[in-house]
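Each chain, written out:
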Amino acid sequence: MDISFALTGKGYVILASDTTAARSIVKMKVDEDKIKVLSPHLLMAYSGEPGDTVQFAEYIERNIRLYQIRNTYALRPPSAASWIRRTLADSLRSRKPYAVNLLIGGYDTSTHQPHLYWVDYLGTMSEVPFAAHGYGAYFALSLLDREDGLMSGSSYHDPEAPLEEGLKTLRRCLDEVAKRLVVTPEKYKVKVVDKDGVREIEI
Amino acid sequence: MARRYDSRTTIFSPEGRLYQIEYAMEAISHAGSVLGVLSKDGVVLAAEKKVTGKLLDMSGSKEGGYGGSGEKIFLLNSNVVAGVAGITADANSLVNYARQAAQRHLYMYNEDIPVELLAQRLCDLKQGYTQYGGLRPFGVSLLYAGYDPHYQFQLYHSDPSGNYSGWKATCIGANNGTATSLLKQEYKEDISVEDAIELVLRTMSKTMDSTTLGSEKLEFATLTLDANKQPKAKIYKPAEIDALLQKHGLAKKDEDTDMASA
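Chains as they are written, first to last, in the working numbering: chain W, 1 to 203; chain P, 1 to 262.
Each hint should be verified, as a subset may be incorrect.
[What the hints assert, rightly or not] Restricting the straight-line Cα-Cα distance to at most 27 Å, the calculated cross-link-like pairs of lysine-lysine (DSSO-like) are:
id, chain 1, residue 1, chain 2, residue 2
1, P, Lys232, P, Lys217
2, P, Lys49, P, Lys184
3, W, Lys10, P, Lys229
4, W, Lys195, P, Lys229
5, W, Lys27, W, Lys179
6, W, Lys168, W, Lys10
7, P, Lys237, P, Lys54
8, P, Lys234, P, Lys217
9, W, Lys195, P, Lys40
Hints were generated in silico from the structure; no laboratory data involved.
Here chain W stands alone, though its shape is the one from the complex (with noise of 0.2 Å):
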C-alpha cells in the first residue's frame, strides 16, 4: 500500500512517500521514514515487500557509503542507480530475491544536473522527469503527464519549475490520492536534493 512520489525540477528532485507501516489491514505505524539519505546529494524512496525494503536499503546505504569512504569522493547519482539496479537484478536471479520497487533522485555536483530514476523490483530503470510508485500512480502520472494548455499559470509539472512550484505540483498529486483512493496515507515525508543537499520539507 506504500505510495512515493518523485519529480525533477529547475536544479532539485524532490521525493516523497506516505509514512504508514501496515500489516495486513491493521496501521502498525504512522511515521516511518520511508525515503534514505544515502550521500550528501542522494536520496533514495524505497517501498514494497515489508522487511526486504528496509533491509535492502539499509545493505545500498552502507555501500554506497563505504565507496566514499574508500575512494574520497561520492558514486554520482547516474553510477550509483546504474550499480543500485545492477544490485537488485542480480537479487532477483538469486535463491531469495528482494522484492523493492525504488526512486532514486540525486544532484550531481560535477555536471550541475539533478537525476531521478524509476527502479523496479524486477531490475527495471529509467531515467524520467517525475516518477511514482504504488497506487498513487494511478492517479498522479496523467495528472503531471498534462501539458499547460488550458489553464496557463498552473502548476502542472515543469522541469525548469522553481522548487516552490515543484512542491505545488506535488501538493496536487497528494490531494488528487487524497480526493479518489479508497484508503488514503494521512502523512507524507517530503524530502528535497540539489546544490546545497538534502532537507526535508514540512508539506
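Take the given structure of chain W and dock chain P to it, following the hints.
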C-alpha cells in the same frame, strides 16, 4: 653484506631498504623516457622508443589498431591513455590488467572509471609484489593521462613500489632528471594544449639521446574533449607524428631541401 637481502622482494635490509624495488626503479631509469604535461583543456604524452633498427618490421604499426605502434603508449579506457617505461613485457601485463579493471568499473557503475581509481587499482597490484612472495616486482612506471568529471584533466605517475602521485608535468625513464628540470623552468599555469604539445616536443628533442626526432623514435598522444564534452584520446600514427614535428620545426632535416630553400 647488502647482497644477502637482494634476492627477495619482500625482505628489508638492515638499513631498512627493499633492494629489489630499488633495482626495478633503476631498470626504469634506463628505459625510453615518457613525458607528460597537463593543461587546462587537455593532457599530452610523448614517449621515446628504444627498440628501433633498420631491419625491424614496422609495417604493422603504420595503419594498425587505434593508432600508434603500441609499444609505449596505450589506451587503457576511453578516458585514459598511459605511457609506460620499463620492461615492456611487464607493461603489457599491467596494461591488460588496467583495461580489465576499467571494464569492470564500467560494468558495475555504467561510467568511465575515474582516473585516480584506475591508478589505485594498478598500484594495489604493484604494492602486492613488495609484500607477498613473488620472484620480482613489476619493472614498470606508468604515466596516466586521463579525464573524469570529478577532477577534469589529470596526470598521474606510478612506480614499482605502488606509490602514485598527481603531476602538472613530469617525466619517467632515461634522462628524467634533465627533462623534469626543463619542464620546471618552462611550465606555466593555465597552459593550453597547443602550448603543451609544443613544450612536450621541445623538451623531448632536448633530452633524447638521438639528435633528430622522427616517428620511428617517438610515440605521441593527446587527451582532449570533443564537441560533446566527452574525453577523446588520440594516439598519433607515424605519419601524423612526422607532420606534427614538421609543424613545430623539429623534424629531421633533409639537407638538400634545406639548402635549396636557403
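CA of W/Lys195 to CA of P/Lys40, is that 27 Å or under? Roughly 25 Å between the alpha carbons, so the hint for W/Lys195 and P/Lys40 holds.
Is the Cα-Cα distance between W/Lys27 and W/Lys179 27 Å or less? holds, 20 Å
Would the pair P/Lys234 and P/Lys217 pass a check requiring their Cα atoms to be no farther apart than 27 Å? holds, 18 Å
Does W/Lys10 lie within 27 Å of W/Lys168 when you go C-alpha to C-alpha? holds, 14 Å
Can you confirm whether the C-alpha distance between W/Lys195 and P/Lys229 stays at or below 27 Å? Given that 27 Å is the threshold and the Cα spacing comes to 22 Å, the pair holds.
Can you confirm whether the C-alpha distance between P/Lys237 and P/Lys54 stays at or below 27 Å? Given that 27 Å is the threshold and the Cα spacing comes to 19 Å, the pair holds.
Given the hint that W/Lys10 pairs with P/Lys229, test it: the Cα-Cα distance must not exceed 27 Å. holds, 22 Å
Is the hinted pair P/Lys232 and P/Lys217 satisfied, with a Cα-Cα distance of at most 27 Å? holds, 24 Å
Pair hint P/Lys49 and P/Lys184, alpha-carbon separation not exceeding 27 Å: holds, 24 Å
The structure agrees with every numbered hint stated previously.
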